[in-house]
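*Asks:* Listed here are the chains, written in short residue letters.
Protein chains: 2
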Amino acid sequence: MRESEIIDLFLRHLKRQGELPLGDDAGALRLGEKWLVATNDMLVRKTDVPDIMTPEQVGFKAVTMNVSDIASMGARPIGFLFSLGIPGDLDSDYLEGVARGIGKALDFYGLPVLSADTNEADDLIIDGIALGLAERLLTRSGAKPGELVCVTGDIGRALAGYLVWKNGLEVDDAVRKPLYEKFLEPRARVREGIALSKVASSAIDISDGLAKELHLLAEMSGVGIEVRAESLPIGKGVEEVAGLLGLDPVEVALASGEEFELVFTVSPELVESIDFEFSIIGRVTGGKGVYLVDEGGKRVMPRLGWEHLTEFQMKILYS
Amino acid sequence: MRESEIIDLFLRHLKRQGELPLGDDAGALRLGEKWLVATNDMLVRKTDVPDIMTPEQVGFKAVTMNVSDIASMGARPIGFLFSLGIPGDLDSDYLEGVARGIGKALDFYGLPVLSADTNEADDLIIDGIALGLAERLLTRSGAKPGELVCVTGDIGRALAGYLVWKNGLEVDDAVRKPLYEKFLEPRARVREGIALSKVASSAIDISDGLAKELHLLAEMSGVGIEVRAESLPIGKGVEEVAGLLGLDPVEVALASGEEFELVFTVSPELVESIDFEFSIIGRVTGGKGVYLVDEGGKRVMPRLGWEHLTEFQMKILYS
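The listed protein sequences derive, respectively, from chains D and L. If you read the first sequence in full-length UniProt numbering, its first letter stands for residue 1, the second for the next number, and so on. If you read the second sequence in full-length UniProt numbering, its first letter stands for residue 1, the second for the next number, and so on.
For the record, the hints were derived by calculation from the structure and aren't laboratory data. These numbers were taken from a predicted model, which means no experiment stands behind them. Treat the hints loosely; a few may be bogus.
When chains are identical, the list treats them as one kind, so a pair holds in a single copy or across two.
[What the hints assert, rightly or not] Simulated crosslink set (DSSO-like; lysine-lysine; CA at most 30 Å straight-line):
#, residue 1, residue 2
1, 15, 46
2, 46, 144
3, 15, 104
4, 177, 104
5, 104, 46
6, 34, 46
7, 46, 298
8, 177, 34
9, 104, 34
10, 198, 288
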């Protein structure tokens, strides 16, 4: 079964949902004046962890990917929980590394661990859960025509780093380092998410790739989006790696997943008040669909991203 | 590595904990006047699911075991989340059954699902997460000398049902039915937990076996506990099954895990005000240790329960 079929199957049986229907980065419940935000994301070693990743990086990332979902809802993270599936033959040094990584991430994000559970399983599994509180909720459905589409930080380095590793590309350390940093040690945009809760109309984090997130945002908001290729903040080293592999750096940037940057929409009046680094990459329009505008004109943005990454990689790796 | 070694390893790296240190049924954070309570519990098909259990029962139980941990903290459950690990070859009817079971349990407990995540994994894994709110928190550390030790419902049927199935015992339907009901379809004591939050001094749910829970309660409260064997509310059919296998029904009742009954302590003055069915099984004393009192006198209660179940079963099955 495909993931989308599995999700449909469950949705048929899950009639009771929170005040916010399933489909956002996290779920939410009203608690008095505030929103309690909760999310969970499972990491399976076999499918989600490249060999090059240290156990400490694995543990840190299990926290980051959940904290990022809380941040993208405009919430302040308040607690973390995790369940472990541990194979009988996993060596204790590896497990200690995972524990150290989780501990460091909790320090980094200033979060307490509220509950933990360990079990025997066939593969190493870390199911992370993060909770947060928001004054005002940012969802994927609030974008309105006339607003600006923005993104924090830069994009493309996670996939470019993966490509360097996967293809054994020989690149300078100065090129590899920032790519590997993003590929192996991404960080969630907590401060930015909290700040955006005051001004943005919608937000989503880049888990699966900017192109896929933009399509989701446009569909859930019932709007169109136009992005200018030249405005994309393509990360340092992405162009070089794309060049070595004969790829379009814009496509690498649009397909790059697990960046944990925040994509958000904001009115032209409020954009001035944002006091962290970000890029305006396009605008929200009436109608529907996501378009990419470059010298060649305007075309539908390909739905590049994680679900399509396999095909995309096939194209990259075997063409 | 043993489970206790794994837990120690993680505790060394998890310095940041909630307002309630790890070690209770659930974690807790102060939210204004209330406590936010959160727990997670992973179910792995290979180790946690007997073949006789239907997929619907599996889904229902994944909710129940988490809701029970919320109830034992004296909290009202407010939301559920889950992560699935799904093997590629799992048939869709099985998965549909699990979804139906989760949906039915959410209806039964009146809970919304806040977030769900699906992944590919080698074995079917359901990591359930429940959230709750408490006015006053029930922990494992509040028992005081002079109080009564009580338990909701009855005990022993879950293990007796397991023994009937495991040994292929031929028993009347009238015996098997209540045993299988508890073994395969246990329910969490939500109403009781909320009511107890007003009067009890401590509580714990029976996940691993009454004996093990009593030892935990005594240790974490720094008290002793004396239980009268004749006061234990041993469930219907437990005696018969124990007899067929040459076992002591009291031992079966003390070792029976996943009962999801609540064990609690309460002062003699407040016990009168409790308006649901429960049994007074003993009392809290000074000193330390858990003792079982029967015609033979007073002896240390063996630490029967889930962690020791394997040995206990070995004794049962191969003696």
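*Asks:* Each hint needs a verdict: does it hold in this structure or not?
*Replies:* Checked hints:
1. 15 - 46: Between. Shortest inter-copy distance 29 Å satisfies the 30 Å Cα cut-off; intra-copy 32 Å does not.
2. 46 - 144: neither (40 Å within a copy, 49 Å between copies)
3. 15 - 104: between (38 Å within a copy, 10 Å between copies)
4. 177 - 104: within (21 Å within a copy, 50 Å between copies)
5. 104 - 46: Within. Shortest intra-copy distance 23 Å satisfies the 30 Å Cα cut-off; inter-copy 32 Å does not.
6. 34 - 46: neither (38 Å within a copy, 41 Å between copies)
7. 46 - 298: Answer is neither; intra-copy 39 Å and inter-copy 53 Å both fail.
8. 177 - 34: neither (41 Å within a copy, 46 Å between copies)
9. 104 - 34: both (28 Å within a copy, 29 Å between copies)
10. 198 - 288: within (26 Å within a copy, 54 Å between copies)
Checked against the numbered hints given earlier, this structure breaks hints 2, 6, 7 and 8; the rest are met.
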